[in-house]
Amino acid sequence: MKSPRAIEVISMQKMSQENYFSSYVFDSENFKLYSNSDVFSKMNQKKGFVPKYVFKRGMKYRFFSSYSKLESAKKDIFIQQKDSNNEWKEPVRLGPEINSSFNEDFPFFDETSGYLYFSSDGHSSIGGMDVFRVRFNLKNLSFGTIENLNFPYSSTYDDFLYIPIESASYVYFTTNRNSNIGFVEVVKSKLSDREVPTFVSRLVFRDEVNDENTSAQFYLTNRMSKDEFGPFNTNDSGFVNILIPAPGIYKLTAAIEGSDQEFAHDINFPPKVEGYDYQVECSYKLQGSKEILLFDEQLTDQSSLLSEVNVIDFQEFSKLIVNSESIKANEENELKNENKEVEELSQEAIDAKIDELYDIEAEIEDQIRQKRQVAKNIVTAKTTLASIDKKINRIVENIQSADSNEKESLQKELRDSFVKRKALINNYNQQIELYDNFRSDEELENDYIEIANINKDVSEKSFAGQTDSVRSILTAYNTPENHKPLIPSVPDMARARQDKMEDDFKTTETNIDVLKSEILEEMNSIVELKDQMSDVSSLQDWESLKDSVKQIETKVSNKVKEKQGLELEREELSEKIIFSEESLLNLTLIETGINEQDSIDIKDFTITEEEQVKFYADEIYINKVIDEQQVLTEISDGREESLSQILSTNLPIEVKDSLALITENEFIELINLKVDETLTESNDELNELIQLSQNNIEEIVEKNQELTSTTTERNESTEEENTSESNTNTENNTEN
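Residues 950 to 1685 (the numbering used here) are what the sequence shown spells out, left to right.
These aren't lab readings, by the way, just hints derived from the structure by calculation.
Bear in mind that the values here come from a model prediction, so they are computed numbers and not experimental data.
A couple of the hints might just be wrong.
Only pairs whose alpha carbons sit at most 30 Å apart, straight line, appear in this in silico DSS-like list of lysine-lysine [claimed, not checked]: (1) 1371 to 1405; (2) 1573 to 1508; (3) 1479 to 1449; (4) 1479 to 1508; (5) 991 to 1018.
I would like the entire structure built from these sequences, with the hints used as guidance.
Now the structure itself:
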């Protein structure tokens, strides 16, 4: 088998052995599969065999296989023709040149080409039933030389019922390769004179970890068509010969005895070079603690392989059937190589290719280092977050037992810790996003080893003056697409994010300054109005000024809240920038050299989305409790300020007292609302504030009651004096 071929598959259908012929669907020929139980029925029944033949209406002959009266004979092929009365004549056994001492079966005669196709496990078959053909003359039953259709129509399994349809340029055949017991696979493929440039390649495996091991298993997958070929198992010498269906890029997957790791590598098999075959040497070794498989590709003299092809384990070739995409991939690859040959004539292009490969090696090395540094940033963020979280829990516990002065300090510390935690989580998420831009460690390291070896080989051969070898290496080596640099690079991505945060920080500061100016202007207006309130003597004027103050205070309150929100945002941005600067510095100041031990698995340092939600939920709850305290303080301060304003006016005392009562009642109403809304478990502080106002109300009422009583007594005394004086005057007038 010196010229194995590949075929273009149209369809493949798994069928049971009983009804596989139903998959033979013909466009123009109405062939059917018939049983012929009349001939040699006694012997066939004894063997449990029913002869079958392919036939269509109008045919004057039929070929079939059958056992016969010869006890020692196996299945032979017979021809049976019709006489002038359209009756079947006696069957005629074909000669011993066709019918061997083994089994012959599944005959089909193609009238267009004059070939008789049949299957046999004789005629030096590859193994099992192979497909054969022979020129056959129906008139005199003469025939030519028998040919084995060879692989892939013939294999080490059973391949049979080969039916070509020349008019439609396709062929059917059936095989049990890669099928479970009781099932077969019906293959429909293109019938074309075009030769698919199949060639032999050798895989040589060396285990440098265990010298005694020669066992490895390989698969090939065409990158374009996704056709998979294999498995290919090495022999006791550590090599295996394989048939490459067509030139092109294939993914070579390797599994090694004693290793749990799967290795993958892309190989660009070049077009066949007459007299040479492509050899791939695979060396398994340890690099530090990491298992690696190094590949070395080269052309070798074909003479040693050709002699071995005839004795090769053809089971390794059992899937040498490829679809149109693989053929297309080969044609595109040939075109690419033709274009490349033009470039190879230029030394300038060779030099540019060398520079490109060195740049790629440096880029991949940078990516490996950068990825490891980003992983370190992730670990740092995770561990720092755990420390901050402990601090937050400690502060929350201390606040519960702290006095009012301590609470204020602890609350500020708590808010600062919340800001740090939020900024840290943001930094963590950014580092995760940066990390996800990199390919897997295995892909990066395999690509780095591959291209570093290429560059080393090119450098050594260039130094030795082996220009042709350098040109051959660069011609055969196609840089995979994933070797291209990340654009933008990960450091550039991180730097762009930091620049954005710094711009946001400046914008936030500007907005805070604008609000400060507006608040100051409004506060000056309030001071002026309050000064006027101190001088009023009329209740109407005082209430008018108070309404104006209240309106401006509402504006100020809203702007203060907006400013506080921006200040919090500024604090968060400041912390984010600090963390970002540290991470970026770590990313850009990378240590030289790649150490395998520096690899970090970030799976153990994950901050889940559920954890982040819990952090923010706890923060919202605690901030709400703190905000409630601040609101109570503001209400209490507002009460004291209002009472102070009332006392400082020139209003009559009874008016002041009346306004004070109104203020206290409004205060109690606000506090009662807070009793219903508060999240705190105890309302003691609220009750104390209410009691304080109620005491003041009682004092005002009591004071006014005393004042009323004194005034009444004074009025009664005055009336008595006036009455006595009136009586005296009356008596005097009478005497006169």
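These are the hints, each one checked on the structure:
With a CA separation close to 48 Å, the supplied pair residue 1371 and residue 1405 exceeds the 30 Å bound. In summary, the hint linking residue 1573 to residue 1508 is supported, as the alpha carbons are separated by about 20 Å, within the 30 Å threshold. Simply put, residue 1479 and residue 1449 have alpha-carbon atoms about 45 Å apart, too far for the 30 Å limit, and the pair is violated. Simply put, residue 1479 and residue 1508 have alpha-carbon atoms about 20 Å apart, close enough for the 30 Å limit, and the pair holds.
Between residue 991 and residue 1018, the direct Cα distance comes to roughly 9 Å. Compliance with the 30 Å bound is thereby established for this hinted pair.
Taken one by one, the earlier hints fail for this structure at numbers 1 and 3, listed in ascending order.
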